[in-house]
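Chains as they are written, first to last, in the working numbering: chain A, 4 to 135; chain B, 4 to 135; chain C, 4 to 135; chain D, 4 to 135.
There may be inaccurate statements among the hints.
[To be verified] With beta-carbon atoms standing in for the labels, derived distance ranges: (1) D:G24 to A:F101: 28 to 36 Å; (2) D:K129 to C:F101: 54 to 62 Å; (3) D:R58 to B:K129: 30 to 38 Å.
[As the list claims (entries may be wrong)] Below, a list of computed lysine to aspartate or glutamate pairs in the EDC-like style, where the Cα atoms sit at most 16 Å apart: (4) D:K7 to D:E133; (5) B:K113 to C:D95; (6) C:K113 to B:E57; (7) A:K123 to A:E97; (8) C:K129 to C:D95; (9) D:K113 to A:E97; (10) C:K113 to C:E97; (11) A:K113 to D:E69.
What the hints contain is simulated information worked out from the structure, not anything from laboratory work.
Keep in mind the model is a prediction, meaning the values are calculated, not measured.
Glycine is no exception: its CB is placed at the ideal position from the N, C-alpha and C atoms.
Here is how the chains run, residue by residue.
4 protein chains.
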Amino acid sequence: MTEKAFEWPIRVYYEDTDAQGVVYYANYFRFLERARTEWLRSLGVDQVRMMQVERRIFVVVSTHAEFIVPAHFNDEIVATAALGALSRATFDIEQKIFRGDVLLLRSGVKVALLDADSMKPQRVPKALFEGN
Amino acid sequence: MTEKAFEWPIRVYYEDTDAQGVVYYANYFRFLERARTEWLRSLGVDQVRMMQVERRIFVVVSTHAEFIVPAHFNDEIVATAALGALSRATFDIEQKIFRGDVLLLRSGVKVALLDADSMKPQRVPKALFEGN
Amino acid sequence: MTEKAFEWPIRVYYEDTDAQGVVYYANYFRFLERARTEWLRSLGVDQVRMMQVERRIFVVVSTHAEFIVPAHFNDEIVATAALGALSRATFDIEQKIFRGDVLLLRSGVKVALLDADSMKPQRVPKALFEGN
Amino acid sequence: MTEKAFEWPIRVYYEDTDAQGVVYYANYFRFLERARTEWLRSLGVDQVRMMQVERRIFVVVSTHAEFIVPAHFNDEIVATAALGALSRATFDIEQKIFRGDVLLLRSGVKVALLDADSMKPQRVPKALFEGN
């Protein structure tokens, strides 16, 4: 990965935190998906058109995350997304969350493209990530 | 309403709380819907069959809630549901949340029955609430 | 209310929707709180300082909402906030959610200011809403 | 792992699903934490006492999950939890989610025990998992 990652700013609200005073661990996965969605949008991918017209959807196949430093209520953080390995039927997205220069979280997801009716895997078009 | 309300027990997990150390206000509405869903199930209403076979769905038209005493992580609470006013196109459900004898929250929702395709209101069958 | 309401743009992600294909009813209350938080910030209210230094927190006492038109995945919507009635111990916030010119939701909340340790109500300073 | 895993039944509500008609990927992590919390309770671990009296909290250090088959609205599923590797400062929990005999998800988390004030790691007492 030498290209610069896509960056998406996120504000932490009460809804994101829990009684330990920090962001609830499952909610980081929401933040990560917002960054992926906006990264795909920045590449010209229209997920509504995909679902309604082409009947194709993206589905998370697997994920992992390391929780390094917690985020707190009101923090301004940044979630990143960058294309990792691309195979015939899936692609990997490498993601991080930062608060300023501090790395809070490191994650990766493997995503498949499915036919929304048959739920069968579709070939992932390489052109998807070429941004035009 | 003289009949006894339906009761559904709920355990408060970290996911439900926020950094103020109590249940996040929007999450009580999740608890209330769990109680409504289970109350409907207890009356023999099969929401999956309704949606998939009959193409009819329940939709919340309006709601109100008074937050009286907060619930905390690990609390065992009970959400209730009881039929309120029933009109041609909507019905009201009166709901409360208790921790033991302590009333934590008082709420009400107005629910409509819609055609899932046209999203047009359907007549609410009175028999729905008679539990056959 | 003659003054213009504060406006906060929100994008609808998958996390906000449910299997009926629209935003899950409880999640609108998250959107409404984001708008309130950002409105307070725009008035110079620092909720982190309030909680940590002054040990005072805002708490929702009651709320109501009318769900008029549903929002869908990927919609760009706007949540508003405007000061309503202000009493000694509470204040009301009038809120709406729009998609373009279409009114999706109308809501109100009554908020109290509490001492974070004793949980006793505090007098709400009128200056809070004067924006300087 | 030869011992039988702890099992916790979960009902899928609308709150858990998204507009793809299945459980939203981040919400499985909520289900997994419910099972861990109940497993710890079954071993006699009182997390409220731990936090309030002993000032010690459990924190998820890392996690991974494979999403094999999706769960739908109204499904009755079971989340499991079983102790994996135990080191001085962390322990692993191996988890699965089933619908009947169908494996929906396979996951693991690494958990640390922290001092709630200093956020420094504490030695994990082996006796914790012996259920006395």
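Hints versus structure:
| no. | hint | result |
| --- | --- | --- |
| 1 | D:G24 to A:F101: 28 to 36 Å | holds (34 Å) |
| 2 | D:K129 to C:F101: 54 to 62 Å | holds (57 Å) |
| 3 | D:R58 to B:K129: 30 to 38 Å | violated (56 Å) |
| 4 | D:K7 to D:E133 | holds (14 Å) |
| 5 | B:K113 to C:D95 | violated (23 Å) |
| 6 | C:K113 to B:E57 | violated (40 Å) |
| 7 | A:K123 to A:E97 | violated (24 Å) |
| 8 | C:K129 to C:D95 | holds (13 Å) |
| 9 | D:K113 to A:E97 | violated (20 Å) |
| 10 | C:K113 to C:E97 | holds (9 Å) |
| 11 | A:K113 to D:E69 | holds (9 Å) |
Hints 3, 5, 6, 7 and 9, counting from the list given before, are not met by this structure.
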